[in-house]
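Novice: Chains as they are written, first to last, in the working numbering: chain A, 3 to 154; chain B, 264 to 523; chain C, 187 to 456.
Restraint-style ranges between C-beta atoms, simulated for each label pair: (1) Ile10(A) / Ile434(B): 24 to 34 Å; (2) Met306(C) / Val323(B): 41 to 51 Å; (3) Ala449(B) / Gly52(A): 17 to 27 Å.
Only part of the chain B face toward chain A is listed, based on derived beta-carbon distances under 10 Å: (4) Tyr311; (5) Gly314; (6) Met451.
Over the 12 Å line for every Cβ pair with chain A, so calculated as not near, a few chain B residues: (7) Gln269; (8) Glu381; (9) Leu384; (10) Glu438; (11) Tyr443; (12) Asp485; (13) Arg499; (14) Gly510.
Keep in mind the hints are simulated off the structure, nothing from the lab.
Idealized CB from N, CA, C, for every residue including glycine.
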Amino acid sequence: MRMRTMEISVGFLMLAGFLALVVLALNISGLSLAGQGGGYKVYARFENIGGLTVRSKVSMSGVQIGEVTNIRIDTDLLMAEVEMTIRDDVDYLSTDSSAQILTSGLLGEQYIGITPGAEDETLQDGDRIRDTQSALVLEELVGKFLFNKVSE
Amino acid sequence: MLDWIQSLGHTGLSRLAAFGRAGQLLVQALVAKPAPVMMFPLLVKQLYFVGVLSLIIIVVSGAFIGMVLGLQGYTILVDYGSEQAVGQMVALSLVRELAPVVTALLFAGRAGSALTAEIGLMKATEQLASFEMIGVDPLRRIIAPRFWAGFISMPILTVIFSVVGVWGGAIVAVEWLGIYDGSFWANMQQAVDFREDVLNGVIKSIVFGFVVTWIAVFEGYDCVPTSEGISQATTRTVVFSSLAVLGLDFILTALMFGEL
Amino acid sequence: MDSLSDTIIDIRGLTFRRGSRTIFDDISLQVPRGKVTAIMGPSGTGKTTLLKLIGGQLKPDAGQILLDNDNIPTLSRSELFIARERMGMLFQSGALFTDMTVFENVAYPIRVHTDLADDMIRDIVLMKLQAVGLRGAAALMPSELSGGMARRVALARAIALDPDIVMYDEPFTGQDPIAMGVLVNLIRRLNQALGHTSIIVSHDITETLGIADYVYVIADGRVIAQGTPQELADVDSDKVRQFMQGLPDGPVPFHYPAADYLQELLKEAQ
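Please build the complete structure, drawing on both the sequences and the hints.
Specialist: Encoded structure:
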């Protein structure tokens, strides 16, 4: 009978471990069971991407609609080219949408904000967003400000 | 001077020999055919001693460490006005580092030392020899179930530690310090990646579980069967496993999260 | 040894060293089948080591240990486990498994080596426990037993599989007179009733001589005397007489080798 209580408690331990892993997955790492990896790719070129990294979020009106999946240098234009994956259900971005690199808070992390345009045609897999705005680099801003002061 | 070098060489050689014996033990205990008398009840029993009985210390330490992290994280981050990031800080430091390492250290102190002392005492009271004379390989009957129990328990205890720790951090940050719980959890979920952070932490804990139980079981099996020998072996278990865990943690962290 | 020609264990030219210390130096001895053989000698002469060599737990540096026709030191691990089914050993400390009840301790070797049904095992175990007078203690844990009882349970476990050979490692040390009497009686009786060969390693002279058929006295890694208990009483050797009669000084000196006492005292004073 002592064996039985032992087996039960070991069973509970196993169960607790499994539940903990589920909590870690869903609640803490925010792994959503639905629609992982589903999405279409859109490209955009930027002069300067600042602190943008892979896995930075892509959002529209503050709602996350995808994430940055790759960053490389376009060797012809010598600009940064960002590949982002947009969720499949977001299929209403017009071809004249614009992409901006924004900062959440003064020192927060950087993300891409998409502002939709007015065209009827929508972005498809592999399309490019033409209208882009680079990251605001604080040093440049301060430099410009000082330069303007001096030239006045 | 020459004496010193000689003693250094002697220590090195005997350590190397012990390491060889430890490897032999591992191979024999694991490669050996399953024990004739049911292995499963033995494993359950060891899981109970090693896993279930370690649960309380793991839960209590996890809660306190999470709460301290929440408190410290808040006081540091509030200076930069980014106290919402406390959730992300608590979760990342727990899942990646503190849960596997602290669990392994507590495990070495709580279960590892007990394993060593138990096996050492079995050796001293001739129980191991007795198994051999009955025709049962003590490696299979005594060592293998204990080894597997430690190996299985460690990842379980680690994930429990993580969850309890995050919960402790949330209690302090949200309930006590008044951070908006939406941003607490959202920041955390956005920063913590399941594969990158959670699974890597679990992999760490599996490695630690392997190393700590291996050391504990070997030190018990290899000890000098006297009361002094057992106490030394128990100390060695705690010291060696702690050092091994900390050293391996650095190597694993460098491999997993470093830019190597 | 002509009168006892039926030999079960034949040890020939056995040499065993531990580090630089020679424990056995080319000794030979024969254990007759079905009898009680005692191996005696002062502490530290490696009597327990001899049992471990016979059980194959240690390997000798030279020589043969023949159990019928199997040479123990050359057996493989699995052959050795088969050979050990024929042996039962009573360890000095009893060596009961502390995590099992008395019943399970005795049942363990049966469970390992046979496929008997549970009620069959129960009958055998109770029979063995009855033989050592501890059937009533079947449900106790080893920690609840006295030293003498623990040794009797260990004895029941050693004979659980009806082995051909039962080895007793210092069965009488640290026992009160009653427990000692019980054990002496048991060893003798079991030997007669079950017909196995007994090997007793001991330095308790009167008890051992009382039940032994044949005695070997070992000292300094060699057999210094052998024979029946009567023959040994008449051996004309200082060493043997010192041991058998328990004289404090003799060939085995009272003093550990040391420098001259007077000189050492004087050196201190200088």
